[in-house]
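Visitor: Chain by chain, the residues:
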Amino acid sequence: MSAWSVTEPSRASKWVAGLLVVLYTCITLLPLVWIISTSFKSGPDSISYPPKILFQPSLEGYVNLFTTRTRIAAEDFAALPPPETWYDRIVRDQGMVIAGQSRFGERFLNSVIIGFGSTFLSIFLGTLAAYAFSRFKVPLKDDLLFFILSTRMMPPIAVAIPIYLMYRELGLSDTHLGMILLYTAVNISLAVWLLKGFIDEIPREYEEAALIDGYTRFQAFRKVVLPQAATGIASTAIFCLIFAWNEYAFAVLLTSGNAQTAPPFIPTIIGVGGQDWPAVAAGATLFLLPVMIFTILLRKHLLRGITFGAVRK
Amino acid sequence: MAEIVIRNLRKDFGAFTAVKGSSFTIRDGEFFMLLGPSGCGKTTTLRMIAGLELPTSGEILIDGEDVSQKPASQRDIAMVFQMFALYPHMNVRKNIAYPLVSQGVPRAEVQRKVAEVAKILRIDHLLDKGVGGLSGGDRQRVALGRAIVRNPKAFMMDEPLGALDAEFREIMAEELRALHDRMHATTVYVTHDQLEAMQMGDKIVVMNHGVVEQFGTPQDIYDHPATLFVADFIGSPAMNFLRFDGQAAAGAGTITLGDHTQPLPRLQEPAAGALVLGVRPEHVALSDTAPLKGRIEAVEYLGTTQIVTLSTPFGAVKARTPSTQPARVGDLTGLALNTPRLSLFDATTGRAFRTAANAGVHHG
Chain A
1 MSAWSVTEPS RASKWVAGLL VVLYTCITLL PLVWIISTSF KSGPDSISYP PKILFQPSLE
61 GYVNLFTTRT RIAAEDFAAL PPPETWYDRI VRDQGMVIAG QSRFGERFLN SVIIGFGSTF
121 LSIFLGTLAA YAFSRFKVPL KDDLLFFILS TRMMPPIAVA IPIYLMYREL GLSDTHLGMI
181 LLYTAVNISL AVWLLKGFID EIPREYEEAA LIDGYTRFQA FRKVVLPQAA TGIASTAIFC
241 LIFAWNEYAF AVLLTSGNAQ TAPPFIPTII GVGGQDWPAV AAGATLFLLP VMIFTILLRK
301 HLLRGITFGA VRK
Chain B
1 MAEIVIRNLR KDFGAFTAVK GSSFTIRDGE FFMLLGPSGC GKTTTLRMIA GLELPTSGEI
61 LIDGEDVSQK PASQRDIAMV FQMFALYPHM NVRKNIAYPL VSQGVPRAEV QRKVAEVAKI
121 LRIDHLLDKG VGGLSGGDRQ RVALGRAIVR NPKAFMMDEP LGALDAEFRE IMAEELRALH
181 DRMHATTVYV THDQLEAMQM GDKIVVMNHG VVEQFGTPQD IYDHPATLFV ADFIGSPAMN
241 FLRFDGQAAA GAGTITLGDH TQPLPRLQEP AAGALVLGVR PEHVALSDTA PLKGRIEAVE
301 YLGTTQIVTL STPFGAVKAR TPSTQPARVG DLTGLALNTP RLSLFDATTG RAFRTAANAG
361 VHHG
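First to last, the protein sequences are chains A and B. Residue numbering for the first sequence follows the UniProt record's numbering, starting at 1 and increasing by one per position. Residue numbering for the second sequence follows the UniProt record's numbering, starting at 1 and increasing by one per position.
No lab work stands behind these hints: they were computed from the structure. Given the structure is predicted, the values throughout are model-derived calculations rather than measurements. It is possible that some hints are incorrect.
Claimed, not checked - Straight-line Cα separation of at most 27 Å, DSSO-like style, residue types lysine-lysine; simulated pairs:
1. B:LYS20 to A:LYS137
2. B:LYS20 to B:LYS153
3. B:LYS318 to B:LYS293
4. B:LYS94 to B:LYS20
5. B:LYS70 to B:LYS129
6. A:LYS223 to B:LYS113
7. B:LYS119 to B:LYS129
8. A:LYS223 to B:LYS293
9. B:LYS153 to B:LYS94
10. B:LYS94 to A:LYS300
11. B:LYS94 to A:LYS223
12. A:LYS141 to A:LYS223
13. B:LYS129 to A:LYS300
14. B:LYS70 to A:LYS223
15. A:LYS300 to A:LYS14
16. A:LYS137 to A:LYS223
17. B:LYS113 to B:LYS94
18. A:LYS223 to B:LYS129
19. B:LYS20 to B:LYS203
20. B:LYS119 to B:LYS94
21. B:LYS70 to A:LYS137
22. B:LYS113 to B:LYS129
Stated by the list, open to error - Footprint (simulated), chain B over chain A, 3 or more residues, beta carbon under 8 Å:
23. 196-206
24. 214-220
25. 223-229
Beta carbons: idealized from backbone N, C-alpha and C, even for Gly.
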C-alpha cells in the first residue's frame, strides 16, 4: 500500500486512532483502577498524600467490609490470646477485635436477588410482549407502544412519593418482591422496545416454516425465534441488569432492614469507626464484579446487539 | 397426495381485498402454477392453502376435507419459501430432519429418511455443514429436502427460484420438474415469471388484482387467452392488439377490419362496439398480397427468427418471421393473420368472445 486509498486508512491515521483509543481507555479505567487499588491499601496508605502508586497490599479493607469491630480496654487487649486466624490478626493489628459479621453479605445477596430477578422478569415479559407487537395485529398497537415508551420519558424518581405511599399500603415496602416489581416496571419499556426491534429483524418465514413443519405457534417461538433473538435478549438483559444493579434512589427510599441492596449500604460503611476508605473501596469493587463478569461473558452478543440492524450483512 | 379444491376463496386485509372469490381445482399429482404480477393475490392464495393466512370467506378442501380454518401444523402440507427460510441455527441434517422430529418419528427412521432425501437431491456431502455458507442452489435443495422428507399431502412453493442467479434457475427448474415427475406430488407453485409457468406447469391460474383471469393448461392459456390481461401478460413479445370498432352476429366467421373483411374462428356469441383483435407475433406473416397493410418500423434479429415491428392503421404490430425472410425498414408490406389462432376481445370488459377455437377454455 503506497498510494492513498479511499477505503484503506493510512498508517499515520491508524496510529492516531490507536493512540486516541488508548488514551480514552486510560481515562475511563482510571477511577476503576483507583477504587480497586484503594481496596487493597491499609487505612493510612489510603489517605496518604501524595497518593501511593506502589504500596504494601493488604486485605484490611475486605476484612473490615465483612466484619464489625470494637475497641476494648488496653489491659484486656494485652491479655487476649494470640489471634487464631489471618483476619483476626488483621483486625488486631488495627488495635481492635472482631465484634461480629457485617451485613454486607446479606445486602449483596439482596442486590443479586433483586437485580437478576427483575432482569429475568423484564426479559421474560418483554420478549413475549415484543413478539406479540412484532408479529400479531394488536388493536391500538401504535398507541400501546407509545404508551409503553412514554413511561420512560419521565424520570422514575418523579413518582417516588406516590410509589412510597402505594408500597406502604400494599405492604411491599422493604420487600424483595416489591423491589423486583418496581425495577421490572421501569425496565420493561426499554425491554419491549429493544426486543421488538430485534424480533422485527428476524424474518417471519422461519416461524412460518416451523408452523408448516408441524409445530405450534408457541413451539415455533421457543425453538426458532428465541435462538435467533438470543443476541438481542442478551444485550437487553445487560441494560436491564445494569439499571437494577446500580439503582440508588428508590433503594434508599423503599428499603431499610430487610431488602436493602448494596448501593445504599456501601456509603454507610464510612460511618463505622471513622472514614474507612479501604472498606468502602472493597465494597465497591465486589459490587462491580457481577455486572462486569456478566458483561464480559455476553460481550460478543452485546457488541453485535448494539450494532444490530445498522450493519446487518 | 391429494386433490385441492378452492371455492369462492376471499381474503380482505382491512379495506383492501387481496383475493376476490377465487375458485379452481388442483388435481392429484398436478404441478399447478399460480401466475400473475406482484400484488395480484397469488401469494396470499398460496398462504391460505398452506394455512399461514386464514381466509375471510370461502372453502379450501384437501382430499375432500375443509381445512380453511385449520392451523398450518394440522394440514400436512410442506412449503418452500422464496428466501428458503432454512433454520439458521441448525445444520443441513437438522434442517431436513426438523419436520420429522415434530411428528415424533423414531431417531433411526429420521436418519434413514434424511440420508435418502439427501441422496435424491445430491446434498449428502453437505449434511453436517451449517446452512450459512451454502450456495443459493444448495440452500434451495436443502429447503426442498425439508419439504419432501415427510411425504406431505401437497407442496407449496412461493417463487422458489426467485432468489437464484439466472443460470442456476434453469438448472433448478429442470431439477424441480424432474423431482415432481418422480414423486407425482401435488404441487402449487407461485411465480410471476410466465416462462417459468409455461415451462414447468401442468396447469396455470393467471391472477390479476385478486381475480382469477384464466385457469387452464399452458397451451390453452397461450393460444386462447380469456382476457386482454392474460393475452398481454403471457408471451414475449406480447400478443398484438388491433383496436377497431365493428360488429358481428353469433355464427359469423368474418369481421370487417377497416376496409377489408378479416376471417375469424366462428363466433358463438354476437360482438359489437369497441373491439380488439388479438394475434400472436408468430401468427403474423409478411405477404405482399395480404389486404392489411403496414410499414416496417424496426427489425430485431434473434438468430433463427426476427421480430419485425410494423405500423398499421390499427396500431403497431410485431411479427415473428424466419430471419431468412427479407424485411427492410421503411418498406410497405401486407400482414397475413393466421385465422384459427385469432382472438376477439371486448375492449371495454377485456373479455374474449367465445369462438369455435376457444370454446372449451375455462374462464376465470
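Visitor: Give a verdict on every hint.
Guide: Evaluated hints:
1. B:LYS20 to A:LYS137: Given that 27 Å is the threshold and the Cα spacing comes to 22 Å, the pair holds.
2. B:LYS20 to B:LYS153: Holds. LYS20 of chain B to LYS153 of chain B sits at ~26 Å (cutoff 27 Å).
3. B:LYS318 to B:LYS293: Satisfied, since the Cα-Cα distance of roughly 13 Å is no more than 27 Å.
4. B:LYS94 to B:LYS20: violated, 39 Å
5. B:LYS70 to B:LYS129: Violated, at roughly 35 Å.
6. A:LYS223 to B:LYS113: holds, 22 Å
7. B:LYS119 to B:LYS129: holds, 15 Å
8. A:LYS223 to B:LYS293: Distance ~68 Å between LYS223 of chain A and LYS293 of chain B Cα, so the pair is violated.
9. B:LYS153 to B:LYS94: Holds, at roughly 22 Å.
10. B:LYS94 to A:LYS300: holds, 25 Å
11. B:LYS94 to A:LYS223: Cα-Cα ~13 Å, so holds.
12. A:LYS141 to A:LYS223: Holds: LYS141 of chain A and LYS223 of chain A sit about 26 Å apart, inside 27 Å.
13. B:LYS129 to A:LYS300: Holds - the C-alpha atoms of LYS300 of chain A and LYS129 of chain B are around 23 Å apart, at most 27 Å.
14. B:LYS70 to A:LYS223: The given pair, whose Cα atoms are some 22 Å apart, holds under the 27 Å limit.
15. A:LYS300 to A:LYS14: Measuring from Cα to Cα gives roughly 24 Å; hence the hint holds.
16. A:LYS137 to A:LYS223: Roughly 22 Å between the alpha carbons, so the hint for LYS137 of chain A and LYS223 of chain A holds.
17. B:LYS113 to B:LYS94: Holds - the C-alpha atoms of LYS94 of chain B and LYS113 of chain B are around 12 Å apart, at most 27 Å.
18. A:LYS223 to B:LYS129: It holds: about 20 Å lies between the C-alpha atoms, which stays within 27 Å.
19. B:LYS20 to B:LYS203: holds, 20 Å
20. B:LYS119 to B:LYS94: holds, 15 Å
21. B:LYS70 to A:LYS137: The given pair, whose Cα atoms are some 19 Å apart, holds under the 27 Å limit.
22. B:LYS113 to B:LYS129: Distance of about 18 Å is within 27 Å: holds.
23. 196-206: With 3 residues closer than 8 Å to chain B, the stretch 196-206 of chain A meets the three-residue bar; holds.
24. 214-220: n = 5 at 8 Å, threshold three: holds.
25. 223-229: Since 3 is at least three, the answer is holds.
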